[in-house]
Each structure stands twice: as C-alpha cells, then as structure tokens.
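Which chain is which? The protein sequence lines are Z, A, F and X, in order.
Under the numbering used here, think of the first position of the first sequence as 1, with each following residue one higher.
Under the numbering used here, think of the first position of the second sequence as 1001, with each following residue one higher.
Under the numbering used here, think of the first position of the third sequence as 2001, with each following residue one higher.
Under the numbering used here, think of the first position of the fourth sequence as 3001, with each following residue one higher.
None of these hints come from the bench; they were simulated from the model.
Note that the coordinates shown come from a computational prediction; the quantities given were computed from them, not determined experimentally.
Take these hints with a grain of salt, some might be off.
[To be verified] In silico BS3-like cross-links for lysine-lysine, where the CA-CA straight-line distance does not exceed 30 Å: (1) K3129(X) <-> K1238(A); (2) K213(Z) <-> K1018(A); (3) K61(Z) <-> K238(Z).
Number of protein chains: 4
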Amino acid sequence: MIKEGDLALIYVDERRSKVVKVVKDKTLHTDRGYLKLGDLIGLEWGSKVRLSTGVTAYVLKPTLVDLMFKSFKRATQVIYPKDLAYMVMLSGIGEGSRVAEAGVGTGFLTAVLAWAVGSRGHVYGYEIKKEYIDVASRNLESAGLSGRVTLKNKDITQGIDEQELDAVFLDMPNPWDVFPHLQNSLKPSGSLVIFVPTVNQVLKILSHMREFKKLTNISVAELILREYQVSQEALRPKSIGVTHTGYVITSRFIKEP
Amino acid sequence: MIKEGDLALIYVDERRSKVVKVVKDKTLHTDRGYLKLGDLIGLEWGSKVRLSTGVTAYVLKPTLVDLMFKSFKRATQVIYPKDLAYMVMLSGIGEGSRVAEAGVGTGFLTAVLAWAVGSRGHVYGYEIKKEYIDVASRNLESAGLSGRVTLKNKDITQGIDEQELDAVFLDMPNPWDVFPHLQNSLKPSGSLVIFVPTVNQVLKILSHMREFKKLTNISVAELILREYQVSQEALRPKSIGVTHTGYVITSRFIKEP
Amino acid sequence: MIKEGDLALIYVDERRSKVVKVVKDKTLHTDRGYLKLGDLIGLEWGSKVRLSTGVTAYVLKPTLVDLMFKSFKRATQVIYPKDLAYMVMLSGIGEGSRVAEAGVGTGFLTAVLAWAVGSRGHVYGYEIKKEYIDVASRNLESAGLSGRVTLKNKDITQGIDEQELDAVFLDMPNPWDVFPHLQNSLKPSGSLVIFVPTVNQVLKILSHMREFKKLTNISVAELILREYQVSQEALRPKSIGVTHTGYVITSRFIKEP
Amino acid sequence: MIKEGDLALIYVDERRSKVVKVVKDKTLHTDRGYLKLGDLIGLEWGSKVRLSTGVTAYVLKPTLVDLMFKSFKRATQVIYPKDLAYMVMLSGIGEGSRVAEAGVGTGFLTAVLAWAVGSRGHVYGYEIKKEYIDVASRNLESAGLSGRVTLKNKDITQGIDEQELDAVFLDMPNPWDVFPHLQNSLKPSGSLVIFVPTVNQVLKILSHMREFKKLTNISVAELILREYQVSQEALRPKSIGVTHTGYVITSRFIKEP
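Next up, chain Z with everything else stripped away, as it sits in the complex (with noise of 0.2 Å):
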C-alpha cells in the first residue's frame, strides 16, 4: 500500500519515468499530463492511473537503480550499475559485511554497498568535500540507507580509522596513495577493489601493486553494456550512448608478501 510520504516511480514509458515523493499537495507535471500524488496514497503498488490527459501510467515501487538515476541528487561522475554490481560481487562481501570506501561523491557506490552489506553490516564512506558528504547524505536518506553508513568527511590517503575490514572500495585519483593504510584496516584475505577511468591510472595501480607486495589475485576488466531498443519489429542496440565508464581492479590482501 502507498503511503503519504514514500518515493515513488511514476512510468509512462521509457524516456517518461520520474522517482517522486507522495505529497498529498504536489501535482507532478509531464508533456503527457499532470498526477495529483495525492491520489495515489492508499493504492497497490503496480497500480495503474492515468494523467489528466488520460494517458496510462503505473506506479512502481522504486529499486535502488531507479532511486540513484531517478532520484538521487547528482554532485559528481557516477559509478554506472553495470560496473557497481560486477565490483560487488568479485568483491565477495554480503550480509554483515564492514566495508570502507572513497570518495564517497554522489554516493552511488556507497548506497550499492549499503545494499549488500545489509541491515547489520556497516559501510564507511571517506570523502574529502565537505559538499559531497551533503548531497550523498541525503541521498542515502532518501533510500532508507544511512542507517547502514558512517560517511566522513575525511582525506582516506591520511588513513583509515577503522579495523578488520572485509573490503575496501577505492573510486578516487590516486589509490595507490592509501595502500599503506591496508596494513591495519582490511583484514588479510579481504578485497581491495578499485574503479579507475584512465589506462594511465591502471598501469599506476599495477605498478604500486607490485612495489606494494602485499595483493594478490589481481584483475583488471572493463565491461562494456549494450542497451537495445526495445522493439519487437526492430530489434537493436541503441545508436549512441556511453562507450566507455571505467577499469574495474580487484585484488585480495595477504598477511605477508
């Protein structure tokens, strides 16, 4: 049942889909028509109504993706979910999982995080301006998240405070700069995975990776997603869109080299 108060996503069709808060008050405007929000409190999710104009649309119960490209409040680049998910699951963390990460910007990682790690794990976020702390803040509000996440506003390269980590997530410059902070805040055996746009940075990874000594189990991939355009006569990839995100790295930590 819809509440007074709950996020919502209103789906016309595929370029009209809008995450929106249920305000007894608030019209939600579109090129097909308005929506009264108040209408919707006490329907069924999956509910259809229909725009002043008529026009068909459904009320659906936002999930974390629709929450961070919908909703979310934008400060910085993002993490895409094709990318998030895959550093995720090699990560090898899930329910009751400890986990730091930086820079925490936006936040989409740090929400993604919150996700796996579950109602009794915890995520610390590290970031540097003061402004993106703000913004993911009320981000992770938004999606029920911030009970699950510490966010600091803190340069991670001057160190981690936490111990016994079971991962560590880096999406920043220079990560390479908070290697020497693993020795006492990832467990040995925990992951270390990073998220890096340029080639440059990858082959600077590897190179401290070597020096650094203590990772192993190193890979490096990128993924490279093809949305189609859904269509049953014409069936295809869509033309243009985004070619290329980042690197994923993920490596595990060991006691000794």
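With chain Z's structure known, arrange chains A, F and X on it following the hints.
Relative to chain Z, chains A, F and X alone:
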C-alpha cells in the same frame, strides 16, 4: 582462523588457484608442488604458505565467485558473474526478499540470489531434472547457502507455488510459458528478470510480453566483459575468451494493463 | 602543390578540422580565427599555416574518409568507415571489379566501392529517390570518383540491368527482394554483401537465403569501434559515442543449389 | 572457367572449407569424403560438386581473405581483416599509391596493401628475419600480388630507402624508432598508420609523437568484431573467440611542426 572442514582458495598464480576442503590427511597436488592441507589448520586467512617445492601460495577465504568457478560441480551451462550481478542489481531485490527462479541447473543463479536476499530472505528454485537438483543442492550446501533455498523438482511452466514474491528470475528456453503464472505469485511492482542466449528468444519474449500486457518498464541488454592480461609492461585485453553469454531482460509486473 | 579548386583539410585540432575548396577570394572562419583560402595556393600539402589569430593549422590532402565526413552533403543515414572497409574487404572485390549497389543514399558506400574498384572498375548505383541521386552525384563528383560510377534512378527490386557483376552490395530495408535478380546479374562465386541495422532484418535475410538456396558461405557480424581520447596522460576510450551501426552479412552466389 | 593451377575454395560448410591448388592428379581429403581435384578443371566458378560420399560442396574463387586464412603459410602473429581493412581505409591510400611497411611477417598486411594500391601502385616491405621474407614471398606469389611488392631483408629502424611515399604502415614492437626516418621518405600530408597490441605501446607512441612534433590528426581506436552463429532459429554471437587484437593509431605527417 582456518578450521578443519573450511573451504580455502589456494592461490599460486593466475592460472593455478584452487578451492579445497581443509582436511587433515589430504594433500593438494599442483604442477608446482604439493601442499599438505592439514598444515593450514590454525593459520589466519590470507597467510602465505609454501608448496613442497618452495613455491609461494596464499590461503584466501573463497568468495562466492571463487566457489562457483573453482568448487561448484557443474552440470549445465552457467550464467557468468557479470550477468548475475547485473540481473540481481536491476531486479531491486535485497535483504529479506523472497524470489522464485527456474531452471536451477548448476545453481549459480540460485547461489547469487541466496547471497543477495540474505539470511532473512528465501529463494524457491524450480528445476525439472532431478539430477541437476542434486548437483545444485550440494553446491549450495558447500557455499553455506542451503538454508535460504528451497529446491523443487517441478516444472515452473505448470505453476508457481509461492505467493507475493518480490521477483522471479528465469533462465530457461521458454520463459514466456511462465507468464500466466505470475498473476498469483509475483507482487505487483515486482521484477521479472530473464536471461536467454539467442536473439530469437528475445524477440519471442518481447512478443509474448506485448500480448500478456502485464509487464512494463522493459529493458534488454547484453554485457561484454573484457578481461585484461594483468601485466604492468604489456597491459592488454586477453586475446581469446568468452565473446557472448546472453541477453538480460528486465521488466516490472503490474496489477492491470 | 595546392592549386585553386583543390579540396583541402584544414586541421586545427581534433574538434576543429574542415574540408574546404581552395578558392581565391574565399575565407574560412573558425572560432579560433579566419584563414584566407587564396593564401593556400602554391603551398605544399602538409604545410603549416596560421589563422588570423596566430593559431597554427595544417593543410592536409583529404582522404576519402575526410571527404565523406567533412565535405559530403548528407541526405540519409550513412554507413561508417569501420563497416564500409570490412564489407569491401570481405567481398573480395578489387581493381577492375564491376559491382552494383543499392540504395545509393548519400553515396558513402558508392564512394568506397568506387575507390576499391579503381579506374578500371565500375559501380552501378541504384536509388529510388531522385533527390538522393543528386546529392550522391555531387558528392562523388567532389571526390573525383564520378567517372567510375553510374547512378540510376531505379528500384533495384524491379531488376538489375547489368550482367556478370563481381559483387552486389545492399543497404536497404528489404534486401531479400533483390535475391531473384541475382541470377542474371551476379557471377557465380561472386559476393552478395548486405548491411542492415536490426536483428529482425538479419533473421529475415537468413530465412530468405535458406529458401533462395543459391547463397552459401554466409557470415553475419557486427563491428564495435572504440575510439580513444588521444591523451598521453589520460588515455581512455571516449565516454559517449556510437554504440551500434548495423550488421554485415556476406555470402557467395552459386550456380545451382 | 577453372584451370589447372588455379587456387579454389572448396566450401562444404562453415567448418569445412579449404583453399586448394587445382592439380590433375591430386585429391582433397575431408572428414566428409574426398574430391578429385582434376575433376574441377573446366568447371565454372560457383559450381556444385559432390564429395565421394555424395556430400555437396561448392567451388568458389577465393577472395584475398580466403587466401590469407586458408592458404597462406603462417610464420607469425597476423593482423585480422577487421583491422587491416580499417587501417587501409583510414590511411587514404588507393590505386597507384606507393607505401612502405614493416615488419612484413607472414605478409597479411603486405597483401592487403598490395590489393589496395592496385597494379600501378607499389608496396615496399621491410622485415629483419630472412625466414619471414621467404614465407611472405611465397604467400604473395600465391595471391598473384608479388609484382606489386618489393620485400627487403632490412631493419626499417635503420632507414627507409624510398622517397615520396604516400603512407607508412608499422606493425612492429618499437614503431617510434622509425619516426626519424619519415622525414626523407613520407610525403608531407601522408599517413603513418601503426598497429600495436598493448596499451603500453600506445602510450609510448603518443609520447614519441608529441616529442617528434611532425605528426598530427592522431587517432587511436580498437575494433571489436562480433561474429554471429549463422542460424535462423538461434541467432547469437559466437560464444568463444578473439577478444582482442590490437590498437590502430593513425596520423598525418606534416612539413614542419
């Protein structure tokens, strides 16, 4: 601390890594020397050990992906982590979700779903072939996930026993034959996620979805994973590898068209 | 030596490069300054020139690809060089070949075929729309290729006038309607090469080829081009770009099934 | 008409196709039966023949790509058609062009260049290893292209003998060592096209280009070929295949920086 009976990933190098059960009187034989598994008991995860030849290896706690590829017995084609992770993330499921899946096959998708829903969620796995159930059952057991899964030797095209599911995942040749059963099993606003290898199936799915009318917010995508040769001096994607797995189709179930 | 009337590529930087006709009293205006085109006359190709602001530019002899993208008037969707080059190479045509093509459209494929068959070969281009013929005609003229091409304002599904062709290239919505006309126009052992954007068309082509029985050695492929941001400090594929063009289908014509 | 001594492509099916020399008393043996090659003499290209078992085969005139993959003796890694075709097209060469190339290796690139420049053009191929020259020489001979090629058992990093070349193609580990020799051999406005397999080489090339100052209009790209399983009922990209070949770098030579 590693205990007798634990599964451990013995990592020598990229091509030599194996998941073994730590048993007192067993020995792991590799082309680089052997390792007495009893010697691992009492070591910390992430420890360095030496094979009989002096070659270095590391003892890592296997991730779910390690288990799937290096320990699970394989009975069928499997879905790869890139696709599994993406399917789970887009579905919107998480801690506590209840999901159905068919066909179970080797149990890769089952395991990942069980991982995603956590200890308070549940996965109902349908599989026609008894022998696959047995394989999947052992695999899930070994990954410590069987408590969250009910495997059923049933044809899902004949019906879904559960109600109010958060999502249904289909990896089978004729997923459209399951559509009529969604009505009484999948929550409105819940996700239907399908994985198929051929373009013909994608077209047939789109055609049946249009006729069925109760699925919306449809997306079709494929993911191309490019794994790199991990080399600081000669970084490049691997030359030969998997060039196609399948298409991921997501959609949301609605109360009425 | 650059002469009046030559086409020249004025290259300032990756985003500022233009093909111009060298005419005495004309001026090229760019957001970096202007260039009097008459000043180019008598210079060697590859010379450095300065815009009015002192910014450096180079005067390059345009390649066919430069002409296509920076000088050809565009009337329709075009085929990209990655696909054109692959189609030509797989077709087996070369110096002296005689080929037919439809639809001409803007003339990109026509131009590339004319380039490939050389001055002793010939291209017969079919196009239903008179206005496209005019555009293509001017484009081929400007590339100095019109002597090798006969453009015909005819519907190729009504018949092919030529005999003993070495190859037929089809870039049109319904290529299967041309199959019956291959009998009297394409040499046995010659190539039929088709370019189509959708999966549905590929399936329909395969279906018609099977029924037609006189095409063998069939291949279907797509090419993904990843262009890199040319930067020594931040090498990476470009973020946004073309994600799909179409499918290339090649086949060989046989005397009898 | 097929004559004694011709090369012919005997096509049985996708996995069974072979280029043979039509010689009177020779027999082609396949796992589907044998074929007396003398029987082909006098047949038309594109004819149907039957193996000893009654299985159908077709006699096709081999394209250059057929020859390269089904007849050329292989001595080294080769460049694939997707890359070769793209390199040639972007270089701007054509009928009558004069180009240099190193290293010749098996001669795939040499053959494609010879094809592109036609009977009035010429290719100068540099190769350090005498044994590769012999292999390439025989390959070019068999393709009827040796008249357009001069193979040189010389180290191109020691100098290029020719002047006023239209383009230089480099497929060698250290292409930057050739840059100093472009001055007296490559026409201003001519193309330098490089093919290398690793990211490190791309970075080193960009670095040397910047220092060298006389190359502009630089592009870096890679091409991913997705070959499909040709099946009307189960159309899909092939599962396993080539996932990486190399990077294509193009640039134009200028008179002065």
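- prompt: Failing hints, ascending?
  reply: Violated: none.
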